[in-house]
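Q: Given the sequences, and given the hints that come with them, work out the whole structure.
2 protein chains.
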Amino acid sequence: MRLMYEQVTDTLQKKLTSYGTPDDQADLVSKQIARNSLEGVHTHGINRFPRLIRNIKEGIVKPGNTPTLMHSFQSMENYDGQLGLGIVNATFCMQRAMDLAAEHGIALVALRNTNHWFRAATYGYQACDAGYAALCFTNTVPNMPTWGAIDSHLGNNPFMMAFPKADGSHVIVDSAMSQFSYGALELAQLEHRDMPIDAGFDSEGNLTKNPEEVIRTQRILPTGYWKGAAMSFVLDLFAASLSLGNSVSMLGKQNGDEHGVSQMFIAIDYGRIADHVSVETIVEQAINDLKSSMPDSGTEEIVYPGERPLRIRRKNLEEGIPVDESVWKTILAL
Amino acid sequence: MRLMYEQVTDTLQKKLTSYGTPDDQADLVSKQIARNSLEGVHTHGINRFPRLIRNIKEGIVKPGNTPTLMHSFQSMENYDGQLGLGIVNATFCMQRAMDLAAEHGIALVALRNTNHWFRAATYGYQACDAGYAALCFTNTVPNMPTWGAIDSHLGNNPFMMAFPKADGSHVIVDSAMSQFSYGALELAQLEHRDMPIDAGFDSEGNLTKNPEEVIRTQRILPTGYWKGAAMSFVLDLFAASLSLGNSVSMLGKQNGDEHGVSQMFIAIDYGRIADHVSVETIVEQAINDLKSSMPDSGTEEIVYPGERPLRIRRKNLEEGIPVDESVWKTILAL
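Residue numbers (the working numbering), protein chains in the order written: chain A, 24 to 357; chain B, 24 to 357.
Since the hints were derived computationally from the structure, they do not count as laboratory data. Please note: incorrect hints may appear among the correct ones.
Any copy, or any two copies together, can satisfy a pair, since identical chains are not distinguished.
Stated by the list, open to error - Within a straight-line C-alpha distance of at most 35 angstroms, the following computed DSBU-like cross-link-like pairs (lysine-lysine) qualify:
{"id": "1", "residue 1": "Lys188", "residue 2": "Lys276"}
{"id": "2", "residue 1": "Lys232", "residue 2": "Lys314"}
{"id": "3", "residue 1": "Lys276", "residue 2": "Lys314"}
{"id": "4", "residue 1": "Lys38", "residue 2": "Lys85"}
{"id": "5", "residue 1": "Lys38", "residue 2": "Lys314"}
{"id": "6", "residue 1": "Lys338", "residue 2": "Lys37"}
{"id": "7", "residue 1": "Lys338", "residue 2": "Lys54"}
{"id": "8", "residue 1": "Lys188", "residue 2": "Lys338"}
{"id": "9", "residue 1": "Lys80", "residue 2": "Lys188"}
{"id": "10", "residue 1": "Lys338", "residue 2": "Lys276"}
{"id": "11", "residue 1": "Lys338", "residue 2": "Lys232"}
{"id": "12", "residue 1": "Lys38", "residue 2": "Lys80"}
{"id": "13", "residue 1": "Lys80", "residue 2": "Lys54"}
{"id": "14", "residue 1": "Lys37", "residue 2": "Lys232"}
{"id": "15", "residue 1": "Lys232", "residue 2": "Lys80"}
A: Listed below in structure tokens is the structure:
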């Protein structure tokens, strides 16, 4: 089924309000979740909403709470997220990073005791729409073994970098540190197909494209093998240390669903040292050059990072968001 | 053959001086290049020295030049590297980023018209030794196709993140955006062995572990497939835009060896918002947890990013640096 964007936001907003979420927070969260589905990121859109409501019921997500300042020094601040809604906390912190960047050029905000921010790109769009370049990342519960290991001591710790374009078609890289999410593996398993490249290890310790094997061993592959494993670890160190928050390791010792994660947000007011006309020329030239690549036989068109969601968005704004009927029934019954 | 560290630095320093490098720059550059070999990073150590001298002779690396300030705003500065020695320029910029971070908390320095910095980790150690967390990256000439493309429009754009440890055994991630360097492929080809994982594409457009095939097609694999391709692109945008410098695309239009690349340095004086005792506890706990991972049958011990170079360093300080005899002869004859 397809639902129009406004119908989705209305429904999600009412549900959030009925579970004690203040109007402004319910408005923000419902719009961002609907936007993720609108732009084709279903795993971090509507499909995740029932879990959010469950976590609110369990008391590990606390609607209404907002971040409290712990420490500040010039262009840096860190906050305790008070286990508030992840999207609310992260939006607040990216906004603070931008406010500080307007004053200082570059700024950093670290956040602890927060919750799943849904989609990393959300905070890239937020920054780019206001004319800032940005990067941010979050840690997660342990869900990935390091390179050469069998058991999970790393998170897939999504990482985001964003650079604005004047026309709003921003360059956005939103990448978890695992090559595939468990969501993607489960979908392939349902559809009885292999992944296009190695996705993890089988029970013999060999790399495999078979999603079922990887789900069984829970040995999901870090993106870039040893490289993503290393990157995941250092992202965790930055986020947990600067926020004085939970590391992946500590999150693994909690009971129940993931909560109280650590995040970091950097905003850059680059226009202060690089005139916008020159920057736009450099960006346009780089994009045109990338898109002039010769596609291989399996590729119709080369796109730049961030281009695809824009197209899906345009289509789904017109035709409606594709929504899984059973998920929607679950949401209506919440 | 093995050579002691001091013998290597002495020799490199004299050669650099004889090609017009001022004493202080020759001292810094020779020590860093020797250190890279000392720590096992041969491709970015002594083995690259003949190419540096060749580039000096060609006039595309200009010893003695130093970066000139273009613009500054609070915690951000950008510089023109005047085609000076890459190690000199990058060291200067990371130091400026630290000086600015001491004042502002987090700081950013962008650099254009600079040259190959040899090893990204160098600037991580520099920051960590002074107690700063850091990240930096550089662009390169186009040497990697984007995902789905046949021809190279991306650089392998090395990326570095570093977090200090009080005892000096810093956490350092130094990762190019290609899964393997051409240096690694050439070595495997010489030794008639396949790479352990897919390294690129063969002439049929299939993924292959065969180094010879990849060298032939020049379709080297981005780390994490589409993920590293996207990351490489956005790193280039940041470095080129903020420094008003050459993008990968522009570097591809130059004649001769790579020169005039763009780089970015961020330093974080994290102790201003996070007390050192708490941070050290978080870092130690995360490292211990990572190292407690259960190794698979092919892995002796799980190490954290940055641990291995330390061990190689200790061994080579005692036993001498393994040096390729023909490379050393070439250097002595320069």
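Q: Would you list, in rising numerical order, the hints stated earlier that this structure does not obey?
A: 5, 9, 10, 14, 15
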